[in-house]
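Now for the letters of each chain:
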Amino acid sequence: MSSVDPTLPPGTTSRSWYKRNEIAVTPWLFLAPAILFFAFYVIWPIYQSIVISFYDWDGLGEARFIGMGNYVELMDDGAFEVSLWNNLKWLLFYLLAIPGGLFIALFLNQTVTGIRLYKSLFFFPFVISQVVVGLVFSWFYLPNEGLLNGMLGLVGLGPVNVLGDPSWATYGIIAAGLWPQTAYCMILYLTGLNAVDPEQIEAGRLDGAKGWKMLWYIIIPQLKPATFIAFVVTIIGALRSFDLISIMTNGGPFGQTRVLSFYMFEKALSEYGFRMGYGAAIAVVLFLIMLVFIAYFLWSMWKEERGR
Amino acid sequence: MRFTTTSMALALAGSTMIAGAAQAELTGDLKIFLDTSNPAPRATMEKMIGDFAALHPDLNIETTVIDREAYKTQIRNFLTADAPDVATWYAANRMTPYVTAGLFEDVSDLWAEPEIAENLASTKGAMTIDGKQWGVPYTYYQWGIYYRKDIYEELGLSEPATFDEMKSNCQVIIDSGRACYTIGSKFLWTAGGWFDYLNMRTNGFDFHMALAAGEVKWTDDRVRATFANWRELIDMGAFVENHQNYSWQEALPFMVKGEAAAYLMGNFAVAPLREAGLTDDQLDFYQFPVINPDVALAEDAPTDTFHIPSGAQNKEAAREFLRYVVSADVQTEINNGANLGQLPINASASVDDDKFLNEGFAMLSSNSPGGVAQFFDRDYPAEMAAEAMQGLQEFMVIPDNLDDILNRLDKVAERVYAK
Chain W
1 MSSVDPTLPP GTTSRSWYKR NEIAVTPWLF LAPAILFFAF YVIWPIYQSI VISFYDWDGL
61 GEARFIGMGN YVELMDDGAF EVSLWNNLKW LLFYLLAIPG GLFIALFLNQ TVTGIRLYKS
121 LFFFPFVISQ VVVGLVFSWF YLPNEGLLNG MLGLVGLGPV NVLGDPSWAT YGIIAAGLWP
181 QTAYCMILYL TGLNAVDPEQ IEAGRLDGAK GWKMLWYIII PQLKPATFIA FVVTIIGALR
241 SFDLISIMTN GGPFGQTRVL SFYMFEKALS EYGFRMGYGA AIAVVLFLIM LVFIAYFLWS
301 MWKEERGR
Chain Y
1 MRFTTTSMAL ALAGSTMIAG AAQAELTGDL KIFLDTSNPA PRATMEKMIG DFAALHPDLN
61 IETTVIDREA YKTQIRNFLT ADAPDVATWY AANRMTPYVT AGLFEDVSDL WAEPEIAENL
121 ASTKGAMTID GKQWGVPYTY YQWGIYYRKD IYEELGLSEP ATFDEMKSNC QVIIDSGRAC
181 YTIGSKFLWT AGGWFDYLNM RTNGFDFHMA LAAGEVKWTD DRVRATFANW RELIDMGAFV
241 ENHQNYSWQE ALPFMVKGEA AAYLMGNFAV APLREAGLTD DQLDFYQFPV INPDVALAED
301 APTDTFHIPS GAQNKEAARE FLRYVVSADV QTEINNGANL GQLPINASAS VDDDKFLNEG
361 FAMLSSNSPG GVAQFFDRDY PAEMAAEAMQ GLQEFMVIPD NLDDILNRLD KVAERVYAK
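These protein sequences, in sequence, are chains W and Y. In this text, residue positions in the first sequence follow full-length UniProt numbering: the first is 1, and each later residue adds one. In this text, residue positions in the second sequence follow full-length UniProt numbering: the first is 1, and each later residue adds one.
Since the hints were derived computationally from the structure, they do not count as laboratory data. Among the hints, a few may not be true.
Simulated restraints on C-beta separations [claimed, not checked]:
1) Y:Gly258 - W:Val160: 22 to 32 Å
2) Y:Phe268 - W:Leu154: 50 to 60 Å
3) Y:Phe268 - W:Tyr71: 37 to 47 Å
4) W:Val160 - Y:Pro399: 17 to 27 Å
5) W:Leu31 - Y:Tyr417: 51 to 61 Å
6) W:Val42 - Y:Arg222: 51 to 61 Å
7) W:Ala24 - Y:Asp29: 38 to 48 Å
8) Y:Gly277 - W:Ile289: 48 to 58 Å
9) W:Pro45 - Y:Pro272: 53 to 63 Å
10) W:Val42 - Y:Asn292: 54 to 64 Å
11) W:Gly67 - Y:Ser366: 48 to 58 Å
12) Y:Asn292 - W:Gly156: 46 to 56 Å
13) W:Pro159 - Y:Asn60: 54 to 64 Å
Just so it is clear, CB atoms sit at the ideal spot from N, CA and C, and this is done for glycine as well.
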């Protein structure tokens with residue numbers, strides 16, 4: 001791997017430029033395809049979206065430069081405000097998947113006959129398509145025929161129309177989204193639990209730790225990498241939420257379950273939309289929100305790398 | 001069936017040979033894009049194109065069928081990038097973006113031909129923008145109230161002719177433990193149908209179109225009068241509950257099970273209602289009743305159309321195809337009950353002998369003096385329609401929000417019509 005070839009005297013010209021710079025160049029050669037694709041399919045579209053967000057464009061005719069016009073309109077757009085709040089709700093409540101996943105993982109991390117079957121059953125919602133999850137929950141929530149109201153009826157509670165009530169609908173969809181997301185976090189934690197050091201547990205036990213103390217001071221710190229990944233995928237998942245909304249309520253009732261990604265789609269690409277500039281402006285706002293988290297993730301990963 | 005179509009094709013072949021004696025034989029490729037993705041319309045269209053191909057053996061026809069919903073977004077791409085020679089779309093405002101962007105071919109020359117000018121006169125308005133015609137219609141269908149005749153008979157009710165009768169009927173139905181009307185407003189446009197009818201009956205066709213054109217404010221007292229009439233129905237409990245959860249198809253079972261007595265819908269609702277087991281003795285149709293006797297009756301009758309993209313390669317063959325599609329015999333054939341099951345556009349075509357098609361045809365040709373509208377989301381600019389239909393759904397669920405909704409719509413209108 002050394003760049004100095006002992007068979008040749010120093011200063012000889014027979015060494016090619018590549019040979020001389022091998023150590024510096026090779027990583028970049030490995031990275032080149034990825035960088036190229038990343039630039040072409042990620043960086044360039046981001047740049048384009050930002051540019052388009054300054055235009056009034058229907059995707060067909062001439063694009064008209066309107067500066068910050070789209071953003072000014074966003075400030076005063078009730079639907080945008082609703083989407084923003086809903087995104088926040090998604091961010092907060094989606095995080096419940098992490099303790100949920102941890103709890104189930106701890107519960108399933110034992111040796112019992114047929115445990116693999118139980119694990120598979122818990123993991124199942126993550127395997128099926130989000131569209132199917134959405135449909136299943138839509139039926140579950142149905143005001144008259146749905147299972148939920150059937151169960152509520154048994155304990156004497158009145159029928160609730162979860163997806164039809166603007167104050168409940170978003171929470172109903174988040175609950176549906178938590179089902180597969182919890183399964184995902186569970187798998188992450190199950191893998192993490194495999195890596196927990198039995199010696200440390202032994203040592204903890206000698207020191208008299210058990211129950212909550214054991215979990216909090218011995219197990220959870222060792223699950224930090226799993227928690228980090230669970231946090232990343234859950235945050236990204238919450239901000240990307242789209243398919244469940246599209247399937248379960250189509251943004252309704254009267255647009256109360258929209259989130260930024262869905263609103264962007266509605267304005268830019270759906271049947272009655274085609275305001276490319278306005279859609280792009282919404283996308284840029286969503287991108288800025290994501291950037292906060294992405295920056296945090298990158299920073300903590302960098303810190304981790306440096307710490308080694 | 002096979003015999004009749006073959007003989008029809010032969011007859012047509014004869015007539016084009018006479019008419020087109022001076023005209024050169026069509027050659028080259030003809031690319032046709034269709035949005036008729038449901039099985040029955042798809043088969044109908046493919047067969048019609050097959051018949052057309054048989055008439056022009058030297059023409060190489062290539063047909064692409066795209067899913068109806070996907071087509072609505074894809075059309076923007078293929079019209080600009082790789083235009084076919086013929087494409088399906090919808091009439092009225094829905095074609096405006098493509099007309100203003102110069103993506104549809106001006107086919108006024110076709111409409112100047114006596115054959116088309118005379119027989120298609122009724123739909124000329126819906127195809128006209130800036131005094132020119134941009135396509136030809138191939139089918140349309142009536143809207144109106146489909147109801148459970150057996151329930152009406154059981155309760156001793158008859159088809160209402162006025163709003164008061166409509167309400168008193170409704171009260172009887174509600175007292176019998178049913179809802180008067182089923183509706184599924186999840187995808188919003190069904191609420192647009194109710195607004196179309198209530199507004200056209202309260203304020204008339206011209207007012208409705210003025211509102212569509214942005215000449216009237218949504219906060220206008222006349223619009224409020226429409227909503228006041230609507231509210232009477234909502235407050236008495238005329239509509240099924242929780243309609244915001246259902247699509248229009250999911251709202252059908254209420255009527256099939258007899259939990260709701262009627263459905264304001266397009267004629268396409270008849271097929272699924274029949275498939276669900278309702279016989280023609282149980283199912284009937286009436287025209288939306290009179291609300292304001294001073295305004296002429298007007299109807300919704302959405303029209304589906306064929307267009308030639310301006311980037312088409314073989315415009316001559318495309319024009320010939322459009323002529324073929326609107327000709328009386330083809331119109332009779334593709335719209336009959338076994339095929340599209342809708343109304344033919346050509347005045348010389350005959351309507352298939354189906355109870356609902358007959359009633360609809362009679363209503364549209366002799367009892368809609370006020371005019372024929374397309375439909376809410378085709379008459380209003382797309383953006384306005386999207387915002388308004390959302391407001392209409394909100395009104396149906398929370399009628400008290402009306403002021404808020406109307407102010408919001410005025411604000412959107414300001415921007416949409418300023419362009």
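Where does the structure disagree with the numbered hints, that is, which hint numbers, in rising order? The structure conflicts with hints 2, 7, 9, although it agrees with all the remaining ones.
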